[in-house]
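J.: Chain residues, written in single-letter form:
Number of protein chains: 2
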Amino acid sequence: MRRAGIDTYRQPVLYLHRDCTVSRAEGFAALTRVSVKCAGQEVVAVLNIVTGDWLGKDEAALSDAAWQMLAPEPGAIAILAHAEPPRAASVLRAKVFGTRLNEAQFEAVLRDALAARLSDIELAAFVTVCAGDRLDLDESVALTRAMISVGDRIDWGSGPVLDKHCVGGLPGNRTTPIVVSIVAALGHRIPKTSSRAITSPAGTADVMATMTDVDLDIGALRNVVDREGGCMASGGRMRLSPADDILIQIERPLDLDGDGQMVASILSKKAAAGSTHVLIDIPVGATAKVRTMAAADAIARRLVFVGEAVGLRIGVHISDGRQPVGRGIGPALEAHDVLEVLRNSPQAPRDLRERALDVAGAVLELLPAIAPGSGRIQAEGALASGAAMRKFIAICMAQGGFREPGRARFVEPFVAPADGQLGCINNRQLARIAKLAGAPRNPTAGVVCTLREGDSIRRGMPLFLVHAGSKGELAYALDYARAHPDTLSLRESRS
Amino acid sequence: MRRAGIDTYRQPVLYLHRDCTVSRAEGFAALTRVSVKCAGQEVVAVLNIVTGDWLGKDEAALSDAAWQMLAPEPGAIAILAHAEPPRAASVLRAKVFGTRLNEAQFEAVLRDALAARLSDIELAAFVTVCAGDRLDLDESVALTRAMISVGDRIDWGSGPVLDKHCVGGLPGNRTTPIVVSIVAALGHRIPKTSSRAITSPAGTADVMATMTDVDLDIGALRNVVDREGGCMASGGRMRLSPADDILIQIERPLDLDGDGQMVASILSKKAAAGSTHVLIDIPVGATAKVRTMAAADAIARRLVFVGEAVGLRIGVHISDGRQPVGRGIGPALEAHDVLEVLRNSPQAPRDLRERALDVAGAVLELLPAIAPGSGRIQAEGALASGAAMRKFIAICMAQGGFREPGRARFVEPFVAPADGQLGCINNRQLARIAKLAGAPRNPTAGVVCTLREGDSIRRGMPLFLVHAGSKGELAYALDYARAHPDTLSLRESRS
Numbered sequence: 003m004r005r006a007g008i009d010t011y012r013q014p015v016l017y018l019h020r021d022c023t024v025s026r027a028e029g030f031a032a033l034t035r036v037s038v039k040c041a042g043q044e045v046v047a048v049l050n051i052v053t054g055d056w057l058g059k060d061e062a063a064l065s066d067a068a069w070q071m072l073a074p075e076p077g078a079i080a081i082l083a084h085a086e087p088p089r090a091a092s093v094l095r096a097k098v099f100g101t102r103l104n105e106a107q108f109e110a111v112l113r114d115a116l117a118a119r120l121s122d123i124e125l126a127a128f129v130t131v132c133a134g135d136r137l138d139l140d141e142s143v144a145l146t147r148a149m150i151s152v153g154d155r156i157d158w159g160s161g162p163v164l165d166k167h168c169v170g171g172l173p174g175n176r177t178t179p180i181v182v183s184i185v186a187a188l189g190h191r192i193p194k195t196s197s198r199a200i201t202s203p204a205g206t207a208d209v210m211a212t213m214t215d216v217d218l219d220i221g222a223l224r225n226v227v228d229r230e231g232g233c234m235a236s237g238g239r240m241r242l243s244p245a246d247d248i249l250i251q252i253e254r255p256l257d258l259d260g261d262g263q264m265v266a267s268i269l270s271k272k273a274a275a276g277s278t279h280v281l282i283d284i285p286v287g288a289t290a291k292v293r294t295m296a297a298a299d300a301i302a303r304r305l306v307f308v309g310e311a312v313g314l315r316i317g318v319h320i321s322d323g324r325q326p327v328g329r330g331i332g333p334a335l336e337a338h339d340v341l342e343v344l345r346n347s348p349q350a351p352r353d354l355r356e357r358a359l360d361v362a363g364a365v366l367e368l369l370p371a372i373a374p375g376s377g378r379i380q381a382e383g384a385l386a387s388g389a390a391m392r393k394f395i396a397i398c399m400a401q402g403g404f405r406e407p408g409r410a411r412f413v414e415p416f417v418a419p420a421d422g423q424l425g426c427i428n429n430r431q432l433a434r435i436a437k438l439a440g441a442p443r444n445p446t447a448g449v450v451c452t453l454r455e456g457d458s459i460r461r462g463m464p465l466f467l468v469h470a471g472s473k474g475e476l477a478y479a480l481d482y483a484r485a486h487p488d489t490l491s492l493r494e495s496r497s
Numbered sequence: 003m004r005r006a007g008i009d010t011y012r013q014p015v016l017y018l019h020r021d022c023t024v025s026r027a028e029g030f031a032a033l034t035r036v037s038v039k040c041a042g043q044e045v046v047a048v049l050n051i052v053t054g055d056w057l058g059k060d061e062a063a064l065s066d067a068a069w070q071m072l073a074p075e076p077g078a079i080a081i082l083a084h085a086e087p088p089r090a091a092s093v094l095r096a097k098v099f100g101t102r103l104n105e106a107q108f109e110a111v112l113r114d115a116l117a118a119r120l121s122d123i124e125l126a127a128f129v130t131v132c133a134g135d136r137l138d139l140d141e142s143v144a145l146t147r148a149m150i151s152v153g154d155r156i157d158w159g160s161g162p163v164l165d166k167h168c169v170g171g172l173p174g175n176r177t178t179p180i181v182v183s184i185v186a187a188l189g190h191r192i193p194k195t196s197s198r199a200i201t202s203p204a205g206t207a208d209v210m211a212t213m214t215d216v217d218l219d220i221g222a223l224r225n226v227v228d229r230e231g232g233c234m235a236s237g238g239r240m241r242l243s244p245a246d247d248i249l250i251q252i253e254r255p256l257d258l259d260g261d262g263q264m265v266a267s268i269l270s271k272k273a274a275a276g277s278t279h280v281l282i283d284i285p286v287g288a289t290a291k292v293r294t295m296a297a298a299d300a301i302a303r304r305l306v307f308v309g310e311a312v313g314l315r316i317g318v319h320i321s322d323g324r325q326p327v328g329r330g331i332g333p334a335l336e337a338h339d340v341l342e343v344l345r346n347s348p349q350a351p352r353d354l355r356e357r358a359l360d361v362a363g364a365v366l367e368l369l370p371a372i373a374p375g376s377g378r379i380q381a382e383g384a385l386a387s388g389a390a391m392r393k394f395i396a397i398c399m400a401q402g403g404f405r406e407p408g409r410a411r412f413v414e415p416f417v418a419p420a421d422g423q424l425g426c427i428n429n430r431q432l433a434r435i436a437k438l439a440g441a442p443r444n445p446t447a448g449v450v451c452t453l454r455e456g457d458s459i460r461r462g463m464p465l466f467l468v469h470a471g472s473k474g475e476l477a478y479a480l481d482y483a484r485a486h487p488d489t490l491s492l493r494e495s496r497s
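Those protein sequence lines, which keep their order, are chains E and P.
Per the working numbering: the first sequence ends with 497, consecutive numbering throughout.
Per the working numbering: the second sequence ends with 497, consecutive numbering throughout.
Hints may contain errors.
Repeated chains share a single entry, so a pair holds when one copy, or any two copies, can fit it.
Each computed DSS-like pair below joins lysine-lysine, with the alpha-carbon atoms no more than 30 Å apart [to be verified]:
#, residue 1, residue 2
1, Lys473, Lys39
2, Lys291, Lys473
3, Lys59, Lys473
4, Lys39, Lys59
5, Lys291, Lys39
Honestly, the hints are just simulated from the structure, not real lab data.
Construct the complete structure from the given sequences, taking the supplied hints into account.
T.: Dropping the structure here:
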């Protein structure tokens, strides 16, 4: 066995030379599913046939994903065989032919997916049959339960455990660290785990990683929460609803996530994390993930129904999804915004502060003891008094220490080409520019934009600032901005 | 650009080094869909990231499929960009969310598939939404028409053009060359194109390739048919319903071909080939593709309905799918059976002869002028008189020449381990043994079995003969046979 040094993303791939005696004798052809067994571990990989000379005739090479799963000693011998059809195959057929699936059937598919026994083709078929309206409410519940049961589950004992989730990201809308700090400062448990960015310039875990350690395992998570009541960690080292990541990787290229899958994804992670009360923030707007109130309503109803079935009390908070929030887009830049809010700085982005207080209030009001309207008041008090900031630092110390987020080496403005009034801000383009500047791979890179729709613009004034770690990335991001003037589009001023 | 020398089967794959400046700047990650443009040609490939040193940082390598599609000069420069989402993406979403697709929408998907703009994941999603009962009859018609329109179409002018197709293969059931010869000898047009084996030990094109040239293009096909009325060629060089092959490659691993897709696959190829009257032979049996009369009936009704909509007159012939037919399994071995029948040899396999006459008779009776029952009588006459054999040779000569099929170097019997009576013959295992012996890659390899259910077996007598081109393959096939005694299972004799 050897490492191919090829990243094929999720799917395990086995490389054999065309003249390898085993592949000829076994009748392996490209795309055959091959069981690779080595030292008691098994991976089912898709076969690619090599004619180049980088692979010997008696060598079997594995893609990065497969190598990590199997983790053989270099030079170890592996046994290859045609893979048995996975159990998932018959479940998939049943669903295609109209059967309503139960929890055990969903679980069989998810276990096969986690054991890497399913090819991309099989996963795509599964995701497709579950998409659209194809999962009724009972199936949503069954899928959610199955997703919880194939991973770890944290139990926090009796008493409420608060949580929040935002459906679809708005760039810069980094309320979580502020909300967690406020809620924990008020004495409630809120062990928040978040993910790193998948396709965006920053995820909450990336932002927190600029200030403290986030890669906690479940034991470390417990210690922090026992000490401080709250936590802002990455879920990466915990196996909470682990199948979710696999399904997301397939849903994303297909742009096919239906309500059923979204709900199962969100709630399975919350239930596995041991939460009891979850606030779901749904930003609604034309360029947000949820575009209409009707769509938000449908998701909300499904979340409440399925949530109840898996033991979660769900609250829904509708917010405005039309413009970015805060100023920074990128891990360190968003961290700076968060710190300014927590420090009650006069320069803190007002909209981020307001939204964080709204959400924190709504989280608190999940608890029966907290009257409607009083949640926000308590949140304001905890923030203004500095209690939230003190709690934030305490949580970071418990996670391993606090450090100020860094700054990028190169900063350059993108200036307005003409006078005018700022029209629409294209959130997606702005995020793209932040990524080209290097976020999140370079945590200090990204974009800072202080303008909002309707603002007056003068020729030559900065529309936004690009932060980058190298002149090349800076130039690349600015070139893209020049090529896409609709990122911050101008209309003529009314003067 | 360079060739990676990696066969990833259908899907085009682009290999870039992780430190390649373009992939970092563009934000390419593994599995990104990348547009590769070179000298006016474009391929959309899935990206795999390489960390090994076989690829330079300024090199882009392509998998075999992609290299053949793009066919760049070695060392040519390519322009890489994020691929635009294919039109198929929105059609797919529409179908998932319940829209009934029309011909134009199916065509958009098929054209994207043919232009290699769809990843395996997207194709799997498409195949899944069309599987099961998800295509109503109108959609079956729309899909079939779309499949015809994305490739070439042959027109034979006025007058009937006969054709046949067998749904699901029975090993050894090689009636086509006999049927074509009989029908052409009787003066009718029957320009039969067939495929090479995909997963079986032999396809009709492989069998014919042991005796003549089969890789004809449309011009050569016309010449042969103008001369002799019939033809037995491979469809490989013609673009008849070319999307069919792509869809099959995805349906097969999923085991998800529904009636809608099967019907579209069969009829689109027939219509594109210019046939007007098509006989569909459906072997029914527990280990055949179609397992019950009810299933056969459903397929038959859909075939007739869709066939009529695309200008085909369909006849259906139900046959017995429970046991293999003939003696040989493998290209040359089946060719020998075919020649024995055509030569009216007393040793010719009787069941193959009978079935070929049944099918030929049914093909003839597609024509209104031929009364029910008289088809088979005419067929017998043409066979017994030697007219069919003479026509067979004439067609072969027109295609490029006739040669006797070869014989394998090594032949060894697999003997019965005990006395008994032959119970069930497992067709799939027998086919597997033929493949391990080398078929169809080695055209003279395969298996010869003369026994049928109920035959008396004595310990030590040959159950079947394995033909192979090397001692290694012979041993491999025999080892497999020993490990799978249920291939030809014995029960105690009733004596």
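J.: With reference to the structure, classify each hint as holding or not holding.
T.: Verification of the hints:
For the identical chains of this complex, Lys473 and Lys39 are inter-copy neighbours only, at 28 Å across copies versus 47 Å inside a copy, given an alpha-carbon limit of 30 Å. For the identical chains of this complex, Lys291 and Lys473 are neighbours neither inside a copy (33 Å) nor across copies (63 Å), given an alpha-carbon limit of 30 Å. Only between protomers do Lys59 and Lys473 lie at most 30 Å apart by alpha-carbon distance; the minimum there is 20 Å, versus 45 Å within a single protomer. In this homomeric assembly, Lys39 and Lys59 come within 30 Å of each other (Cα to Cα) only inside a single copy, at 19 Å, whereas the closest approach across copies is 33 Å.
Proximity of Lys291 to Lys39 under the C-alpha cut-off of 30 Å is found in neither arrangement, the shortest distances being 42 Å within a copy and 32 Å between copies.
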